[in-house]
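Student: Sequence:
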Amino acid sequence: MAPNIIEVTAHTQFPIKLSPTNFPVWRKQVLATLTGLGLDHFVDGSTKPPSKVLLADATKINPEYLPWFRQDQILLGALLGSCSDSIQHIVSSAETSCQAFDRLT
Numbered sequence: 043m044a045p046n047i048i049e050v051t052a053h054t055q056f057p058i059k060l061s062p063t064n065f066p067v068w069r070k071q072v073l074a075t076l077t078g079l080g081l082d083h084f085v086d087g088s089t090k091p092p093s094k095v096l097l098a099d100a101t102k103i104n105p106e107y108l109p110w111f112r113q114d115q116i117l118l119g120a121l122l123g124s125c126s127d128s129i130q131h132i133v134s135s136a137e138t139s140c141q142a143f144d145r146l147t
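Anchor point for the sequence shown: position 38 equals 80 in the working numbering, and the numbering is continuous, going up by one each time.
I should point out that these hints are in silico values taken from the structure, not numbers from a laboratory. Mixed in with the good hints there might be a few duds.
[Said to hold, decoys possible] In silico lysine to any residue, SDA-like type, Cα no more than 20 Å apart, as pairs:
#, residue 1, residue 2
1, LYS70, ASP82
2, LYS94, TRP110
3, LYS90, GLN141
4, LYS59, ASP144
5, LYS59, TRP110
6, LYS90, GLU106
7, LYS70, ASP144
[As the list claims (entries may be wrong)] Pair ranges (Cβ atoms, derived):
#, residue 1, residue 2, range
8, THR101, ILE132, 21 to 29 Å
9, ARG69, PRO109, 23 to 31 Å
10, THR77, GLN115, 18 to 26 Å
11, PRO92, GLY123, 21 to 29 Å
12, SER93, ASP144, 19 to 27 Å
13, LEU79, ASP144, 34 to 42 Å
14, HIS53, LEU97, 38 to 46 Å
15, VAL95, PRO62, 38 to 46 Å
These numbers come from a predicted model, not from an experiment. Where a beta carbon is used, it is the ideal one built from N, C-alpha and C, also for glycine.
Working from the sequences, and respecting the hints, build out all of it.
Tutor: In structure tokens, the structure reads:
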């Protein structure tokens, strides 16, 4: 059974927008929320994403990849939305939530 995708939105879970002056508070807000939701491993690098294809058969998509990718993209969007306009350019080219978080920390 595929894991449930957890909705995360910037305006609901991350009401404090990152600005050049409030990084410690923003970081605490993001990590506390993601830890509470059991999603902190997406941004802290403690677990690697599943491979896109099966190792035994590279022509088949790994069934673990799509749920991971969908959840990660939701988190990436929430992180982007939690940044003020002056910060968004730093993460706009990130492909994963971990890349985005790394660029901000």
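Student: Work down the list of hints and note, for each, if the structure agrees.
Tutor: A quick look at each hint next to the structure:
1. Taking the CA atoms of LYS70 and ASP82, the gap is about 12 Å. The hint holds against a cut of 20 Å.
2. Using a Cα cut-off of 20 Å, the hinted pair LYS94 and TRP110 holds, with the two alpha carbons roughly 10 Å apart.
3. Using a Cα cut-off of 20 Å, the hinted pair LYS90 and GLN141 holds, with the two alpha carbons roughly 12 Å apart.
4. Among the hinted pairs, LYS59 with ASP144 is consistent with the structure: their alpha-carbon atoms are about 17 Å apart, no more than 20 Å.
5. Only pairs whose Cα atoms come within 20 Å are accepted, and LYS59 paired with TRP110 is rejected, the gap being roughly 25 Å.
6. At most 20 Å may separate the alpha-carbon atoms for a hinted pair to count; LYS90 and GLU106 meet this at roughly 12 Å.
7. At roughly 15 Å between alpha-carbon atoms, LYS70 and ASP144 fall within 20 Å of each other, so this suggested pair holds.
8. Between THR101 and ILE132 the Cβ separation comes to about 37 Å, which falls outside the hinted range of 21 to 29 Å.
9. A C-beta distance of roughly 26 Å is found between ARG69 and PRO109, which places it inside the suggested range of 23 to 31 Å.
10. As the Cβ distance of THR77 to GLN115 is approximately 20 Å, the hint placing it in 18 to 26 Å holds.
11. Taking 21 to 29 Å as the suggested C-beta distance range, the pair PRO92 and GLY123 conforms, at roughly 25 Å.
12. Between SER93 and ASP144, the C-beta spacing of about 21 Å keeps the proposed range 19 to 27 Å intact.
13. For LEU79 and ASP144, the Cβ-Cβ distance of about 20 Å falls outside the hinted range of 34 to 42 Å, so the restraint is violated.
14. The hinted window of 38 to 46 Å between HIS53 and LEU97 holds, with their beta carbons roughly 40 Å apart.
15. Our hint of 38 to 46 Å for VAL95 and PRO62 holds, since their Cβ atoms are close to 41 Å apart.
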